[in-house]
Amino acid sequence: MSAAPTDRTAPRWAVLLILLAIASATAAPAAELPPLSHRLNVLAEPTPAPPLRLKDIDEVEHDLADLRGRLVLVNFWATWCPPCRREMPSMERLYQQLRDRGLTVLAVDVGEDADTIFAFTGQLDPAPTFPLLLDPDGKAAADWGVKGLPTSFVVDPEVRVILRAVGGTELDDPAAIEQLLPYLPAP
Amino acid sequence: MGEARALPSLDAWLSEWEARGVSPSARLAFRWAQFPTEQSYARGEWNQGMLATGLPPASRFALIARWTVAGQTYEGRLADVRCAD
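Residue numbers (numbering that gives the first Met the number 0), protein chains in the order written: chain H, 0 to 186; chain P, 0 to 84.
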């Protein structure tokens with residue numbers, strides 16, 4: 000369970016995997032995976048979204064500023080992050096349901112290269128069809144105030160952050176979709 | 000009952016890895032794999048991550064975490080954690 004840098008000269012060091020689930024009142028058995036959340040949290044006040052302009056794994060540049068008028072889900076993740084891996088298929092299902100109504104999904108990988116990402120997404124069912132952006136130095140994650148992965152934000156058509164989810168989330172859960180529909184045009 | 004001590008800071012770990020020649024990408028993975036030392040959670044939010052104690056192999060320790068909900072501080076203790084030999 001070590002996330003130690005791959006350096007053979009590094010000393011042995013102790014790591015401890017811990018979980019914190021604020022909403023859970025009862026402790027789950029140690030071997031049980033923590034449940035994914037089922038909804039997003041409404042920010043007390045919408046806040047202007049930080050800039051986000053990154054290339055995807057096909058070297059196509061995406062700029063959040065160009066997406067004014069659309070609802071955008073911005074997800075920060077990495078392939079080595081277990082809850083990121085678990086929530087990724089739900090993000091694709093969400094995208095399939097709502098993209099024609101105006102939802103854009105931008106998944107920002109923190110610190111990995113395109114080959115690493117492709118090796119992971121090729122195993123997924125459904126595989127992601129939304130852009131997979133590269134944040135090679137973690138600067139975008141820092142600019143967005145991300146402290147742990149995964150973290151997702153929903154940006155409204157006026158480019159304001161309105162919803163947030165820290166930790167793995169079943170993003171196509173009906174409760175989560177219900178939170179997004181008011182910001183999308185009627186079908 | 001042994002002494003209580005804070006975990007080594009993330010910056011201290013990153014400086015050590017850099018001094019040991021660990022690649023930037025590996026240092027970045029280490030940084031993001033760590034459990035956040037401070038975080039604000041709304042209902043239902045959670046994190047999963049690593050804590051690096053810096054203790055030698057075979058050490059035994061208790062992990063104490065503190066959190067605040069609505070102004071009230073709580074404390075949880077994970078006792079008798081044993082590092083591998």
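Do not take every clue at face value.
Straight line, CA to CA, 20 Å or less: simulated EDC-like cross-link-like pairs of lysine to aspartate or glutamate [to be verified]:
| no. | chain 1 | residue 1 | chain 2 | residue 2 |
| --- | --- | --- | --- | --- |
| 1 | H | Lys54 | H | Asp124 |
| 2 | H | Lys146 | P | Asp10 |
| 3 | H | Lys138 | P | Glu74 |
Output of the computed footprint for chain H on chain P, the stretches with three or more beta carbons under 8 Å from beta carbons of chain H [stated by the list, open to error]:
| no. | region |
| --- | --- |
| 4 | 19-32 |
| 5 | 36-42 |
The hints are simulated quantities; they were obtained by calculation from the structure and are not laboratory data. As the structure is a prediction and not an experimental result, all values here were calculated from the model. Even glycine gets a Cβ: it sits at the ideal position worked out from N, Cα and C.
Hint check results:
| no. | hint | result |
| --- | --- | --- |
| 1 | H:Lys54 x H:Asp124 | violated (24 Å) |
| 2 | H:Lys146 x P:Asp10 | holds (14 Å) |
| 3 | H:Lys138 x P:Glu74 | violated (33 Å) |
| 4 | 19-32 | holds (count 14) |
| 5 | 36-42 | holds (count 5) |
In the structure shown, a violation is registered for the earlier hints numbered 1, 3, in ascending order.
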